[in-house]
Each structure stands twice: as structure tokens, then as C-alpha cells.
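Please work from the sequences and hints to get the whole structure.
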Amino acid sequence: MFLLAMRSIRHRPGRFLATLLSAFLGAAIIMTFNSMHDTAAQDGVDSTSAETLSTAAGVVGGYGTLLVFFAVASALTVNVRQRAAELELLRCSGATEAQLKRMVVGEAVAVALVGTALAIGPAMLGGRALLEVFQDSGQVAESVDPVFGPIAFMTGIDITLLASAGAAFLAVRRATRGQERRGGARKFLAYAALLTGAVSALATFVFSATDAALMAPPAYGAILLSVGFALMAPRLLEAVLDRLPLSGAIGWLAVRNLRERAGQLAGILMSLILFTAVATATLTMQAVESDAVAASGLTKSIDAKNLETLNFTVVGIIVVFVCVMLVNSLYAATSYRVREFGQQRLAGATPGQVLGTVGMETLVLTVTGVVFGMAAALAGIVPFTMVRTDGVLPGEVYGIGVAVTAVAAAVTLGTSLATARRMLRTPAVGAVAVAS
Amino acid sequence: MLRAGSRRTHGTRPTHERGPAAEALRLVKVSKTYGTGDGAVTALDGVTFGLGRGTFTAVMGPSGSGKTTLLHCAAGLDRPDSGIVCVDGTELTGGGEAELTRFRRGRIGFVFQQYNLLETLTVAQNTVLPLKLAGQRVDRGRAKEVLASVGLGDRLGHRPGQLSGGQRQRVAIARALVTEPRVIFADEPTGALDTRSAREVLLLLQRAVRAHGRTVVMVTHDPVAASYADSVLFLADGRLAGRMDAPTADAVAERLAHLGDTVTTGV
Numbered sequence: 001m002f003l004l005a006m007r008s009i010r011h012r013p014g015r016f017l018a019t020l021l022s023a024f025l026g027a028a029i030i031m032t033f034n035s036m037h038d039t040a041a042q043d044g045v046d047s048t049s050a051e052t053l054s055t056a057a058g059v060v061g062g063y064g065t066l067l068v069f070f071a072v073a074s075a076l077t078v079n080v081r082q083r084a085a086e087l088e089l090l091r092c093s094g095a096t097e098a099q100l101k102r103m104v105v106g107e108a109v110a111v112a113l114v115g116t117a118l119a120i121g122p123a124m125l126g127g128r129a130l131l132e133v134f135q136d137s138g139q140v141a142e143s144v145d146p147v148f149g150p151i152a153f154m155t156g157i158d159i160t161l162l163a164s165a166g167a168a169f170l171a172v173r174r175a176t177r178g179q180e181r182r183g184g185a186r187k188f189l190a191y192a193a194l195l196t197g198a199v200s201a202l203a204t205f206v207f208s209a210t211d212a213a214l215m216a217p218p219a220y221g222a223i224l225l226s227v228g229f230a231l232m233a234p235r236l237l238e239a240v241l242d243r244l245p246l247s248g249a250i251g252w253l254a255v256r257n258l259r260e261r262a263g264q265l266a267g268i269l270m271s272l273i274l275f276t277a278v279a280t281a282t283l284t285m286q287a288v289e290s291d292a293v294a295a296s297g298l299t300k301s302i303d304a305k306n307l308e309t310l311n312f313t314v315v316g317i318i319v320v321f322v323c324v325m326l327v328n329s330l331y332a333a334t335s336y337r338v339r340e341f342g343q344q345r346l347a348g349a350t351p352g353q354v355l356g357t358v359g360m361e362t363l364v365l366t367v368t369g370v371v372f373g374m375a376a377a378l379a380g381i382v383p384f385t386m387v388r389t390d391g392v393l394p395g396e397v398y399g400i401g402v403a404v405t406a407v408a409a410a411v412t413l414g415t416s417l418a419t420a421r422r423m424l425r426t427p428a429v430g431a432v433a434v435a436s
Numbered sequence: 001m002l003r004a005g006s007r008r009t010h011g012t013r014p015t016h017e018r019g020p021a022a023e024a025l026r027l028v029k030v031s032k033t034y035g036t037g038d039g040a041v042t043a044l045d046g047v048t049f050g051l052g053r054g055t056f057t058a059v060m061g062p063s064g065s066g067k068t069t070l071l072h073c074a075a076g077l078d079r080p081d082s083g084i085v086c087v088d089g090t091e092l093t094g095g096g097e098a099e100l101t102r103f104r105r106g107r108i109g110f111v112f113q114q115y116n117l118l119e120t121l122t123v124a125q126n127t128v129l130p131l132k133l134a135g136q137r138v139d140r141g142r143a144k145e146v147l148a149s150v151g152l153g154d155r156l157g158h159r160p161g162q163l164s165g166g167q168r169q170r171v172a173i174a175r176a177l178v179t180e181p182r183v184i185f186a187d188e189p190t191g192a193l194d195t196r197s198a199r200e201v202l203l204l205l206q207r208a209v210r211a212h213g214r215t216v217v218m219v220t221h222d223p224v225a226a227s228y229a230d231s232v233l234f235l236a237d238g239r240l241a242g243r244m245d246a247p248t249a250d251a252v253a254e255r256l257a258h259l260g261d262t263v264t265t266g267v
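Protein chains in written order, with UniProt numbering: chain A, 1 to 436; chain B, 1 to 267.
Now the in silico label distances, taken between C-beta atoms and shown as ranges:
| # | chain 1 | residue 1 | chain 2 | residue 2 | range |
| --- | --- | --- | --- | --- | --- |
| 1 | B | Ala249 | A | Met6 | 46 to 56 Å |
| 2 | A | Gly263 | B | Gly96 | 34 to 44 Å |
| 3 | A | Arg10 | B | Ser63 | 26 to 36 Å |
| 4 | A | Arg425 | B | Asp81 | 18 to 28 Å |
| 5 | A | Arg128 | B | Gly161 | 51 to 61 Å |
| 6 | A | Ala129 | B | Gly161 | 45 to 55 Å |
| 7 | A | Arg425 | B | Gly39 | 14 to 24 Å |
By construction, these hints were calculated from the structure, which means they are not laboratory data.
Glycine residues also receive a C-beta, built at the ideal position from the N, C-alpha and C atoms.
If you want it as C-alpha cells, here you go:
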């Protein structure tokens, strides 16, 4: 089975590109930040510098592990779903479930190894650049040299391999087991996340304006609320579709397609909500905080600077990962529909109408995701601003909101329209003949 | 070369005077080659024929004889390398896919072996889809009527996935009929069906011709299916290799079995 896995990678390298990219990015980020541990561990580093470096490594390393897992898992889920026919064929040819599992996990591990190996060079450069950022802002002494040592190396390989193997295992199990049964648990988790999110956001009012930890409750509140919304994504989408006054062939078809595929699209909507909420809330609150510090005439403490750097880094990483996930899952979801597009064209749809329908579907999806993401973000931003300053809604929120929305729209619309356009190059008759 | 006088039209049935053209479909010296160089395959080699309105014609031939290519070229799904295709008196000219699509709307309906119904839409929605896409007013009563006429009046809200193969093909026929096209092209419409469902589908196609004056062109490899047509066009190596009026299954099978002989002896 391992030989079969290797062969299937060699013959279809394109299919594994998404997984490889996720593993590569994940390994690069994990190794970049964990090399801060190595740097901090060398002799002659003062305690303040070491603490800054270790905190950054710890926080982002933890985030990174989760993100690698999600990104690889989403890439592999799509990969396995698209290969349902191939896996079925193997099963009919006598492959046991365990053998299939070994094959998919073997493929994932091999791809993860390649991704990690490719990431070592960029991670070394990234570590150097990160240290320079810390040194420029005075958080780390100039005398500290960058080190890329065993901690970075081992964590990079271990985490990427474990996350890939685990994600592959879950993906193939989901594909072979068939239907999910987590309806009730999911609902409970969603309500729990919404409730604790609301409590956390309201808890902001307990703090005073100058508390160091003031940013924590509203930030957690916004993230938890967005997780709650994300868990409810399919139902939110259906609720939006019920109220959508779309007419015309394109709107009519788009609403029906979305309704039918609400379950499958939940993953994309989830990424969109989380991305919008985390990016908007973190960036806006950081901007408010910086303004407030500047207005009070004080200079920032090392801790405050650390927090700022961390905030920006975390947002940056989340943005990159969510973009990769969105591009990956939208590409897969759209290219999977080549047969459906062919059928629409044979029923009398012009290529323009097919593209219009895809665009409309993506637009509805993006607007829904951004609206609920913004709602979660505002639930954190407003309490924070009220406590920290005299205002309710900071001026920065508009610019940041527009920027976040623009990134989300560019990624989603760009990917699905470009993919659909490519799919339309196949003649309609050929497209429906493809055994999908 | 074309022994069977393929220019002759089959005009015994009273034609419905709805448009100017007496011929629903005319092909003149249509050729199509796939690939280039040594690997080039001539799928159609100067095919010329015309079909009168209100006729039911089967196109038969061995695998690789070019029947599917013929259907695709005649229906504007593929463009021939040379030659002229006229549907309902209007020439099908080049241009992009959007232009061809607009040409097909209202002129051409399709029935495929694999049904090609959209899984996300119900039976009723699938039926009215061509009207929606063409931007026409959707007459739900009319759609219901057409679906009832193919025996699916009680399945309006079902999804294609909940229907049997025969039922799906009947939905496809209803969808092809609802736009009132001049020509309906059917590509192996019974290829995936059991004998009874196949018979129902063929009778529906026959009724579309007899009762509603549609023109049906059906590609098939099944002599029994071909026997439901008014006439059969035989195709071999990309050329017309004969024609049979009032076909019976046995006669068609007999002719098919000897199709290779007639071609090699240079008809």
C-alpha cells in the first residue's frame, strides 16, 4: 500500500499541491517561531530578550500547530472527497479499509516530509528577519545572534508530520464511514461558544482603562462569537437564502445551488467568518490601544510592544492560512462542478450565465461570512473602545473593515471565477462525459 | 457516393405550418477531423442530407462511424471543419459558445443517454430551466402539463436522484419539449434503460413527432429503438451508407450486419 501511495503521488503531483502548500507554509511558520526558542537558549542572552523570544515562540507556535492541522485537514478532506471513485475502485478490487487508510496517511506523510524539507530554508531566513524586527523595536538586545537549532527543526518536522497524519486519518475515516452524527453536539458547542463569547465581551466592562489585560476579554469574546457563528454556518446560510429577493435566471439558479450545497459550503463560510472576525477585531483593538497610549503621552512598555508585535504576527499568519484554505477549498469545490457546468450549458446557459451564477453564489457566501464576522468583531471592539476611551466606535474600524472585506472578496471571487473560467474551456459535451 | 438519395426528404406527414422552412435540418458536405498529422481521425467526411419537419429519424452505424460527431455538429455543440448546417432554415454560423447557445435556444432540444439533469433542482425546476435561462416568462401550468404528459405529474417536487432511470429520461424529454424546439436531438436515449423504460421513452419521442409535429433525430446502436423511427440513416466511416424507410428491427439489424461489406465494395 505504501508503494501504491508513492506511485499515486508521482503520477498526480498536481493533486497534492494544496496539501504540500499547507504543509510547507505550516512548517515554515512553526520553524520560524520555534527558532526563537533556539535563539533564546544560547549563552549570554539577557533575561528580557529571552522572555520576549520565548513568548513569541510559545504563542505563535501554539496557534501555528492548530492552523497547520486545519489547513492540512481541509486540503486532505477535499482531496479524499474528490478521489471517492478511486478509493471505491480500490475497495472493490479487494483493498481493506485499513489498507486505504494506510495509503492515504502514507501519501500525506510523504507530502508533509517534502513540505517540511522545502520549508527549512525559508524558515531560517524568516527567523533572522523576525529577530531583526524584535531588535529594531528594542525588545531584544542587538547582541543576540539568530540560531536555527534542534528545537526549531524537531518541532517543525514533528508537528507537521503529526498534523498531516492525523488529518489524513480523520479525512479517510470520514470518507469511508459516510455520514456524520454530530448534529446535536455541534449545536451545543455553537450555543456554548456564543454564550461564553458574549459573557467574555461583557466582562470587558469589569476592567479599568489602564489594565494590562484589558484587551484579552473582548478579543476572546470576538473569537468565541465567531466560532459560534462558524459552527452555525449552514443554518445561517439557509436563513440568509430564505430572505434573498433574487430573481432572474442567475439569481434563481444561484439560490437553489447554494441551498442544496449549504452543508458543503459551511467550511468555506466558517473560514470567512473566522478570518473577518479575528482580523478586524485584533487590528482595530490594537489601533485603539496604540492611539490611547500615544494620546496619554507615555511610551510603550516592552510588554505592550510585545503584545503589539504578537497581535500583528498572529493576524498575519491567520490571514495567510485562511487565504490558502479558502483558495484551496474554493478551487476544489468549483473544479468539482465541471460536469454540472456542462449540464447547465447543455440546458441553454451561456458561459456568461454560468460564470454569473458562480459569481452570485460566491458573493452571497462572502457577504454572509463578512457580515457575521463583522458582527462578532464589533461585539469585541465596542466594549473595548468604551472602556479604553470615551468613544463607542473607533474611527479605525471603517478602514480596517473595508480592507478585510476587500481581501475576503478578492480571494473568494477571484478563486471561484478564475476556476470556473478554466472549467468552461472544456466543451460542454466533454464536460458532462467526465466521470466525476 | 451517397447511394440512398440522401437529399430526398421524408414528407409524407402533414407538416405544421409554423415557420418558413420546410426542412427542419439540412447538412451540406459537413466534414470533421479530430487530431492532426498521423493521429488524425476523420469522423465525418462530406455528409449531406436533409430532414423534413415532423419526421423521426434514427442515425445508426458501428462504433466509430461518426454518429455522435454528426449529432454534435448538427446540434451546434461542435463546429464542423467545413460544410453547412441549417436548422429550421437558419444557417448555423461560427462564433463563440454564447452565440451558439443563443442559436440553440428555442430551436434545439436535447435528450442524452446520461440524462444530464441538474441534481440540485427538482423535476419541475429542471423542466423550466431552459426557459429561465432564455429569459422567457415561465408558464408553470404549461410545465406541469408537459410533465403530466410524460407521466410525471405527481413527481414535480422530486430530485433527479430520487427517480429511476426511465423517469429521469422522461424528465429530460419534458425539458426538451417545453421550449417547443424545431429539432430534438437524442443521443442514445435508451442506452442506459431497461426494455420497458426504453419503450416508454421511444413512444414519447414518437408522440412528440406524431402529435406535436416536432422533428426528432436519434442516434442509437439498438435496432429495436431504431424501429420506432420513420426512417434510418446508416453511417459508416464518417459517410452516409444508406437509408431505410419504415424500418423494422430485423431489417435494421440485417442491414447493420452487412454495413461493412457494402462500404468495402465501394457503394
